[in-house]
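Q: Read off the chains here:
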Amino acid sequence: MNMPFYVSPEQLMKDRADFARKGIARGRSVALLQYADGIIFVSENPSQALHKVSEIYDRIAFAAVGRYNEFENLRIAGVRLADLRGYSYDRRDVTGRGLANAYAQTLGTIFSSGGEKPYEVEIFVAEVGDEVSDDKIFRLTYDGQIADEHGYAAMGGDAETVAAYLAEHYTEGLSLDGALRLAVAALAHTAAEGTEERIIPAGDLEVAVLDRTRTLPRKFRRLNGDSLSGILAGA
Amino acid sequence: MNSASAAGSSGRLSDAYLTPGSTSFADFLGSVAPELLPARRPLPPGSAADLAPHGTTIVAATFPDGVVMAGDRRATMGNVIAQRDIEKVFPADEFSCVGIAGTAGLAVEMVRLFQTELEHYEKLEGSTLSIDGKANRLSALIRNNLALAMQGLAVVPLFAGFDQRARQGRIFSYDVTGGRYEETAFHSVGSGSMFARGSLKKLYRNDFTADECVTATIQALYDAADDDSATGGPDLARRIFPVVHVITAAGQVRMPEDQVAAIADSVVAGRMQRPDGPNAALN
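Just so you know, the sequences run in chain order E and G. Just so you know, our numbering puts 128 at position 21 of the first sequence, and the rest follows in order with no gaps. Just so you know, our numbering puts 232 at position 68 of the second sequence, and the rest follows in order with no gaps.
Since the hints were made in silico from the structure, they are not lab data. Fair warning: there could be bad hints in the mix.
[Unchecked claim] Across the chosen pairs, the derived CB separations fall in these ranges:
id: 1; chain 1: G; residue 1: Val417; chain 2: E; residue 2: Arg133; range: 45 to 51 angstroms
id: 2; chain 1: G; residue 1: Glu199; chain 2: E; residue 2: Ala156; range: 34 to 40 angstroms
id: 3; chain 1: G; residue 1: Val432; chain 2: E; residue 2: Asp284; range: 36 to 42 angstroms
Just so we're clear, the structure is a prediction, and the values are computed from it rather than from any experiment. Glycine residues also receive a C-beta, built at the ideal position from the N, C-alpha and C atoms.
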């Protein structure tokens, strides 16, 4: 008769965490910055069809790194949850906090259940407010941990390098153009340890904003094509 | 399960949320919170027709750059005016709007469901439905309401939008069984619709500007109010005027109140001279 090996719970969780972290580290980074009129998301993503950043609801957006099929599932679940809340209560009653909590519970349960492999994803849930001080940014990790972020944040493959660059150069109250250029510089900085700065072509960038100055209730907007290369060329 | 909470026993999002596939919000609602769908609510036998206010006349007309939809502001309950300033024309999404006649409460609920349905698809798929796709979805929502319609709670919408492929405005009408009919040039639904349609028949030209098209729809609503007691005319004392939405290639906008008021005032001024409205040429 085979005796199963004893694995301590600490070791089991550590193994699962290592597994998820490795998966996430393989992908490219996503950077997020608060600027004067909202929140901007920038990532390096040559695909025009498979998005890393998307709209969830009027004031709420979602960004993710890791396995596409897994975070796409979470994104769809988020849209369904938000639309259901907005339909059964009111549009104003859909909050980023509620969504982040649902994600945290889901990721946490999947991480600690023996039957499923942990999700190899990391997520930002951001909600833009009427003022900069009302903005809310949550970072969720593969194990369901949830953290508040302020000013700037990065996740994905080279998250630490990107975050370090942002920490050095970020100032409050940036314009949209300034925030975009800073985020792109931070992403380009990563692969350029000690060498010349890399230039990421505008076509390889996925950029979206939650713009509080939009008059429409839906504040999410993608920046691409000419408007994007125009801003970058102005650097 | 509480309809608005997603949590299963463990607190995580239930499988219905995480299962890929359907892009329809109404289908999703049917699987997680069916009690929120008007059609899934059990109704005791008997007619419910006199229980709730009814919305009345909606008109829509196309012009070369797009389409205009206008609705009067009256809701009635039998012989009583239930509300003087009800709004019965709603934006459905960026390039379409929907006007409603029939049981007001159910109709407003259906419009909210339809709006969510379109936005839901847009967010999940990353692209908007074609105008025919939108018209068909609305058809499906009305079809689900047939049992209620048979008990007197009918909802009959009028749908109009800008077709971005054909570059023109289009109008769709419906019957209570969900039948969908595309209309050319203009159409009207609701209790005053036959008077409004007769009016538009004589006034409509296919080279209207947007403002002329709005004027024609307001003339039609005036004629409907003239002969149908359930349709409200321009309320000059309270300054309540029809709700007008204009949809062009640039998207749909609700015409600002003061602009509608100016057009309505000129229509009323004309009627002071000739109460039956403008004379059409005999041949």
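Q: Does each hint hold? Answer for all of them.
A: For each hint, the structure was consulted:
no.: 1; hint: Val417(G) with Arg133(E): 45 to 51 angstroms; result: holds (47 angstroms)
no.: 2; hint: Glu199(G) with Ala156(E): 34 to 40 angstroms; result: holds (37 angstroms)
no.: 3; hint: Val432(G) with Asp284(E): 36 to 42 angstroms; result: violated (51 angstroms)
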